[in-house]
Each structure stands twice: as C-alpha cells, then as structure tokens.
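Undergrad: Using the hints provided, position chain A relative to the given structure of chain R.
Residue strings, one per chain:
Protein chains: 2
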Amino acid sequence: MDLANNVSQETERTEEQWLEGLRKTVEMVLPIHHYQESYGAIGIKSAADIKSLKDFQKLPLTTKEDLRKNYPFGLFAEPMENIVRLHASSGTTGKPTVVGYTREDITLWARIVANSLKRAGVTKKDVVQIAYGYGLFTGGMGLHYGCEELGAIVVPISGGNTARQLMLMRDFGTTVLACTPSYALYLAESLEESGISRDELKLRIGVFGAEPWTEGMREEIEQRLGIKAYDIYGLSETMGPGVAMECPAHKGLHIDDHFYPEILDEEGNPLTVGERGELVITSLDKKGFPVLRYRTKDLTTLHYGTCSCGQVGWTMDRVSARVDDMLIIRGVNVFPSQIEEAILLEGFEPHYLLVVYRVGNLDQLEVQVEVNETSFFDEVRELEARQQRLHKRIEDVLGISVRIRLVEPKSIPRSEGKAVRVVDKRNKEVK
Amino acid sequence: MDLANNVSQETERTEEQWLEGLRKTVEMVLPIHHYQESYGAIGIKSAADIKSLKDFQKLPLTTKEDLRKNYPFGLFAEPMENIVRLHASSGTTGKPTVVGYTREDITLWARIVANSLKRAGVTKKDVVQIAYGYGLFTGGMGLHYGCEELGAIVVPISGGNTARQLMLMRDFGTTVLACTPSYALYLAESLEESGISRDELKLRIGVFGAEPWTEGMREEIEQRLGIKAYDIYGLSETMGPGVAMECPAHKGLHIDDHFYPEILDEEGNPLTVGERGELVITSLDKKGFPVLRYRTKDLTTLHYGTCSCGQVGWTMDRVSARVDDMLIIRGVNVFPSQIEEAILLEGFEPHYLLVVYRVGNLDQLEVQVEVNETSFFDEVRELEARQQRLHKRIEDVLGISVRIRLVEPKSIPRSEGKAVRVVDKRNKEVK
Numbered sequence: 001m002d003l004a005n006n007v008s009q010e011t012e013r014t015e016e017q018w019l020e021g022l023r024k025t026v027e028m029v030l031p032i033h034h035y036q037e038s039y040g041a042i043g044i045k046s047a048a049d050i051k052s053l054k055d056f057q058k059l060p061l062t063t064k065e066d067l068r069k070n071y072p073f074g075l076f077a078e079p080m081e082n083i084v085r086l087h088a089s090s091g092t093t094g095k096p097t098v099v100g101y102t103r104e105d106i107t108l109w110a111r112i113v114a115n116s117l118k119r120a121g122v123t124k125k126d127v128v129q130i131a132y133g134y135g136l137f138t139g140g141m142g143l144h145y146g147c148e149e150l151g152a153i154v155v156p157i158s159g160g161n162t163a164r165q166l167m168l169m170r171d172f173g174t175t176v177l178a179c180t181p182s183y184a185l186y187l188a189e190s191l192e193e194s195g196i197s198r199d200e201l202k203l204r205i206g207v208f209g210a211e212p213w214t215e216g217m218r219e220e221i222e223q224r225l226g227i228k229a230y231d232i233y234g235l236s237e238t239m240g241p242g243v244a245m246e247c248p249a250h251k252g253l254h255i256d257d258h259f260y261p262e263i264l265d266e267e268g269n270p271l272t273v274g275e276r277g278e279l280v281i282t283s284l285d286k287k288g289f290p291v292l293r294y295r296t297k298d299l300t301t302l303h304y305g306t307c308s309c310g311q312v313g314w315t316m317d318r319v320s321a322r323v324d325d326m327l328i329i330r331g332v333n334v335f336p337s338q339i340e341e342a343i344l345l346e347g348f349e350p351h352y353l354l355v356v357y358r359v360g361n362l363d364q365l366e367v368q369v370e371v372n373e374t375s376f377f378d379e380v381r382e383l384e385a386r387q388q389r390l391h392k393r394i395e396d397v398l399g400i401s402v403r404i405r406l407v408e409p410k411s412i413p414r415s416e417g418k419a420v421r422v423v424d425k426r427n428k429e430v431k
Numbered sequence: 001m002d003l004a005n006n007v008s009q010e011t012e013r014t015e016e017q018w019l020e021g022l023r024k025t026v027e028m029v030l031p032i033h034h035y036q037e038s039y040g041a042i043g044i045k046s047a048a049d050i051k052s053l054k055d056f057q058k059l060p061l062t063t064k065e066d067l068r069k070n071y072p073f074g075l076f077a078e079p080m081e082n083i084v085r086l087h088a089s090s091g092t093t094g095k096p097t098v099v100g101y102t103r104e105d106i107t108l109w110a111r112i113v114a115n116s117l118k119r120a121g122v123t124k125k126d127v128v129q130i131a132y133g134y135g136l137f138t139g140g141m142g143l144h145y146g147c148e149e150l151g152a153i154v155v156p157i158s159g160g161n162t163a164r165q166l167m168l169m170r171d172f173g174t175t176v177l178a179c180t181p182s183y184a185l186y187l188a189e190s191l192e193e194s195g196i197s198r199d200e201l202k203l204r205i206g207v208f209g210a211e212p213w214t215e216g217m218r219e220e221i222e223q224r225l226g227i228k229a230y231d232i233y234g235l236s237e238t239m240g241p242g243v244a245m246e247c248p249a250h251k252g253l254h255i256d257d258h259f260y261p262e263i264l265d266e267e268g269n270p271l272t273v274g275e276r277g278e279l280v281i282t283s284l285d286k287k288g289f290p291v292l293r294y295r296t297k298d299l300t301t302l303h304y305g306t307c308s309c310g311q312v313g314w315t316m317d318r319v320s321a322r323v324d325d326m327l328i329i330r331g332v333n334v335f336p337s338q339i340e341e342a343i344l345l346e347g348f349e350p351h352y353l354l355v356v357y358r359v360g361n362l363d364q365l366e367v368q369v370e371v372n373e374t375s376f377f378d379e380v381r382e383l384e385a386r387q388q389r390l391h392k393r394i395e396d397v398l399g400i401s402v403r404i405r406l407v408e409p410k411s412i413p414r415s416e417g418k419a420v421r422v423v424d425k426r427n428k429e430v431k
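In order, the protein sequence lines correspond to chains R and A. According to the UniProt record's numbering, the stretch in the first sequence is residues 1 to 431, in order. According to the UniProt record's numbering, the stretch in the second sequence is residues 1 to 431, in order.
The hints are simulated quantities; they were obtained by calculation from the structure and are not laboratory data. The structure displayed is predicted, hence computed values, not measured ones. Accuracy of the hints is not assured; some may be wrong.
Since the list can't tell identical chains apart, any single copy or any two copies may satisfy a pair.
[Said to hold, decoys possible] Lysine-lysine pairs mimicking DSS-like chemistry, simulated, CA-CA at most 27 angstroms apart:
#1 202 - 118
#2 425 - 392
#3 287 - 410
So that you can see chain R by itself, here it is in the shape it has in the complex (with noise of 0.2 angstroms):
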C-alpha cells in the first residue's frame, strides 16, 4: 500500500494488511545470521511463522547493542553494492551504529519527509533553512532530500555560526526554519540581541526534532520567533527525521505508513494504546538496513484513531524524554521534562542545568535556573518568592527534596545542537 504521495492516509490498516507489511520486513532480515539465530530459537524459521500481531510481538527486540555487535555492516539486508549511502551515529563511546541506504531507500526517505513537512504546511514556494548538523547525522541530510523532493528552495547551511545565520534568515527571506527546538531558542535569543528586527524575517514555520522538549519550551520558541512550532521525530538507527510528524492539529506527530509502532514498559512488555512507554520502532519497506522491533529510548504513548487533519493510523505524544535521561535520584525516577515544565511555568526561560551530586551516601539534585535579564534586576523580595514557588513546584512533582539556584543571564551554555540538561557528578561504580 503506497500512500507516500497523499500526505492523508484517509483509509485504515486492518491488522491483515500491517502483517503483511511486517512480514516482508522479516523475509528481509531472515538471510542474516543474527536474525536467524534469535528468531531460530523462537523457532520462526519463515515469515509464514508470523500469523498474527501477538506472533509478531514475540520476536526479539533489537537494541543499540545489537547494531554495535554486527558492526559495520552485519545487519544490512542488501548486498553492498546495492547500498549507496552510509550514515552513522556520533558514537561518542564505543563503535558508531551504522546504517546504510539502497537507491530505493533514499528516493523513499524522501517522500517520507516531503509528506511530513507537507503535513506541518510547507509548499515548494517555501525558504527552509536547515540549521541541522549535517554529515553523519541524518538530521540535516535527511531534512535536505525531503525538501528537495517538496520542491522548496533549500538553505544547507548546516549548525553553527548563528551570526550568520541570522543574516540569511533575512536576508534570504527564510520561511522555514529547521533544528534542533534547543538551538532554535538560541537564535531566538540571538535574534534579540542582533539588531536584526523580527519584521524584517518572513519566518513562518520551524521545524524541530532530535531531542525531546516540552509543550513549554514550543510556546517559548513560537513566541519569540513569531511562527508555528512542529515537532518531527526519527533516528537514524529506523531511517532517520520523518519517521512521525505533527499537524496544525498539534494533538501528537503522526506516524508515518512505513513505520510500525509498539509501546514497551521497562521489562520490554507490551503495553496498549494510552500507557507510557518506550517507543519501539519496525521499518516496513527500508531494503538496505531494514529494523524489526528497534528499541527508541523514547518515551511517549501511542494512540490510534482519526486526527481532525484527516489522518487515519498512529499517532504518538512528543518525545519528551529518553530512558537514557532518566534520573535515579534517592530511587526516585526524575526525568529532566518534568522539571522544565515547572520552570516555564513559573516564568523563568528554559535555561536550566540539572547538576546530581552525592553528600555522604546521598544524592542531591541541584537546579540551576537561569534568570533573565529582566527578572535579574526584579526586586530581591520577588524573586526569592518565585524561587520558593520554584522549589516547592518540582519537590511536589518529584516527592524528594532538591536545591534551586538562580544564576546569572546567559551562564547557562548555549547549544547549536542537542542540549546538555544533566551533570551527573556521582561515581557511576558506586549505584
């Protein structure tokens, strides 16, 4: 079923027609060796094994791991002179997780982001801007072929150099901003300080994703930029930016056809429609590096229904956090999204450090909210009273007790990528 060239999918999946789709993927993968070996012992020899959705659901998961182990190329489905593009993660620690591309798989990734930026209002008459790192990533090549394909003009400019890239915003008449929502702030931030006026700028959409944020942080960002936040979600290790997308409807980012969802609790069961989870992702027709069942990291929950845009299928809440972001603090779970929710609405700005420490055997929270300049100079009195509203606003939510620090404008560092939210300064031997 191709409906990548209608961005409304206006008829629904029955379950016969997602197995389908499922099991070509598993015909896919089953030449490979690790697949043979973990589904082989499940005893799925065939994608005929898979007669329905709770079949499918026992198949392994696959994890970051299992991308590291059959480094470089252990889980390409397709030969390599099939494969024309490889990306990879930043691989910060460790082996980088690779993935590769066939022609096919490029052409298709592209229409699944054309459809995506369709959905959020983007017309080829658009300026995008993508202040997405490129290279590696996927962010910003994966952003540049879809507005490609859309048709619209496109300004690689990449991450970084915000100077200039304020001066392009205007002076190229950019509609379309795409990044990541930390460094939008950021140029929202700069923007002020520029000299450059928000009249002078045509902006009127941004498209921002490859970090969880809050609904706070989007009306923050839409404010000071004067346009219409989308949230895109995607990762490389499932395709890449465009795997869901919101719609004017903001009621959650609609997952694309060619994707397949699940929701996980923490032991890796199912869970249904409406519950949190991690987020688990099986690629329907990727040949070159086809995933089945990956494990996101992303926590939202998923529904199913029809959105008022007219979209029929899946759909998931922002990401607004990752099992990796997860804080045991005092074996209490603190996610940073909680905490930025408190902040914004007290007022304050989305610049916030969250600093872990241990006194004796106890961890502490610090958190360290930036005031800005305005709030700087506010009477002490009031301040301090904000900041008691503060403190007892993230103690209520969390149920332990932690330390708030106001600090001075600006000396929370800035991000032109992903943001740094937390400095975890306990001994990771001692748990």
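TA: Chain A only, in chain R's frame:
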C-alpha cells in the same frame, strides 16, 4: 551538444558550436539589470550581436565584487520559484557571494561531477569518503551528488574529527578519499600515528581540490597514503567542484564542456594558449545563476588538444596559485607555490608558513619550515647544510633575500580545510 553521459569528448567543438553555447548564456542574462546596463554600454543589445569569439571577448568581465553588489539574488536568471538550492561563499569579510540552482542545474552538476569522478577511475563499486565541508560550501554537497549519480557508496562524513575519519576509513573499506590536499596530508600524518596500518585500508584514489597545491605535494600524499591523487577544480561562483578534473595521464585538468575558459593577463587582456594568467570561466548550460566571463583569481595555463585518454578539448594546468596569494615583497612577485616546490625538492615536508613583516621600510620574508621527527634528530651539521641549500634555492627562485627558520615537528598548525600559508604582518595601509 550533450556529452554528459559520455566521459570522453571525442569530437572537437567548432567555434560556431562554442558561440552557440555562449550566446545562449548571454541571452539568459540579458534581462538582468546588471548585464543590461554593462552590455548596453558597449552596444550589445541581443545575443545575436555576438558574432565571433572576438566579440565575446569584448564583454565586460564579472567579478566577485559584481556578485556582492547584486547580493543576494540580483544576478539570478530564473524567478525564485524555479530555484531549489542556495549556496554561499564563506564570506569572512562583508557579504557572502550567493549562488542559486534550479532543479535542472542540480541534475547537471551531479552529472558533471560524476563524469569528473569517472575520469579519475572512480566507479559505482567505490566507497567514497567525502571529507570536504558540507553546508553552504559547494565542496561537500557537489561531490556528494556526483557520487550518488555515479552510484558509489557515499560516506558523507564532512570535515574534522580526524581519528574518526581514519577509523571509518578502515572499517567501511573506503576506497576513495575526497578532501582538500592539505587535509589529505594531515590524514596521512595522523594515520602514521594512529596505530592503523596502511595495509588495513583499501584506499586507492584521492580526489583533492579547493586549494592550490603543487606536484611535490601530490607525490608526498600519493606516497604516504598509497593512492593515486587527482586534482579536481571548481568554484561556487561557476557551479562548484567539477569544472575541471585530471585524468590518469596527469597532463592537466580536462575542462568540462559545459564551461568556456579564457585566460587573462594582469590588466585583463586575453592571453593565448600556453600563457600563464588568470582563468576566466563562462557557464554554458547553467540556468539559475549563469556566469559570464567570471574572474576566478586562479592562475593557470590553458591548452587545447587531444589527450592520451582520448579526450579532445580544453585542459588547464593545476592551479598552484591564486591572484590573491601573490605577495609583493620589495617589488617582487612571490607565490607560496614557488617556495613550496623548493621546500619539497630539499626533502622537507610541505608544512611551512610564510611570515612577511617590515623592518623600517624594508619588507622581510621569513620562511618557517617544519623539520620532521627524523630530521629533527639529524646531525646538526647535516640539518644546517640542508637549510643552507634550501635558502639558496629559494633566493635563486625569488631573486630576493629571505630568512629560513627551521621549526619543531608539528609546530605549524594543520588544516582540516584550506591551509593557511601566509601571515602578512605588514601594515596594509602602507603599500
């Protein structure tokens, strides 16, 4: 005449055929205010007024300054709705120069680069690691689309992160490296220190460009990386990489048939085949941003004839210097490439820096040359003798006295992009 699908141009273009292409470009730009004005001033009202190559040579030259004056889109020949990509020069000072491409331009560019790569023996079976910068610079993206057109495996790694470049070069079985020659040399040097043996690599071809380099530098890179190095030429203003490319005969770079070359003396007067001067390029089939008689500031010599590879047409010598690079020291023209040659001939490595300063009213040139680990521990007497020979060789070539300073291994900064060869400390106002 469309030869793009066939690398070897086995037929000679007649003057009339060249003129046909040139007139087409004149016709495209005549509606543009800038050209209307400057061409009108010399009585050119329509393309038909160009009756001979002599007539063509009367047309005003186009300079980077003209691009800046018409910033950002004033020299585009297509309406913005037909433009799908913008690139820009790094523009360290003042406004960047901006170039625009239609969809057809992107396709043509990809085909031109693919042909250039074929010329150097790159095939669809190759794994091409593109370590040119991606983004607004045309180097990375130009090569990328060319490789894709060819069907090779593209590793879009972009510049920087040398340890990772080497790791992936080995792990991905990279066969072709594309970057600046100075970065290639830096990679070679880093390889020797990395613990990765050259035997673990499958590297066979280098595609190097974007900065002037010498034959000695080529030999050095070829020997240290165990590859065949090919020079690729181009600049954003004329399209990007692919304007010209070496073939295995290494008898100069074949200029692609979609460009018409000329060579000028310092005053802008036409020189003939075999004379060294500034290269001027006219594009023949570029639609979004055609360039007419664009002054490249690159110094070279043009040739015309049949190469042993079967190609008939224009070739140019390797660009070893730019007009901008030329230093005037005590009234004498000095090019870094002249000094580089002498350095390599005396067995030093091409890590050097030219420092120009002034003592009283007298210009001084200090040539800093790095000694390598081995030469550093050479007998002092032997090193002194080599220094003296280098001193004499450089003074013989330049005809002025210079100072040679041997500096420690690795003390001259390595470049991940274009190398910096000159530090001019003279007061710019005092000429």
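Undergrad: Return the numbers of the hints above that this structure violates; sort them in rising order.
TA: 3
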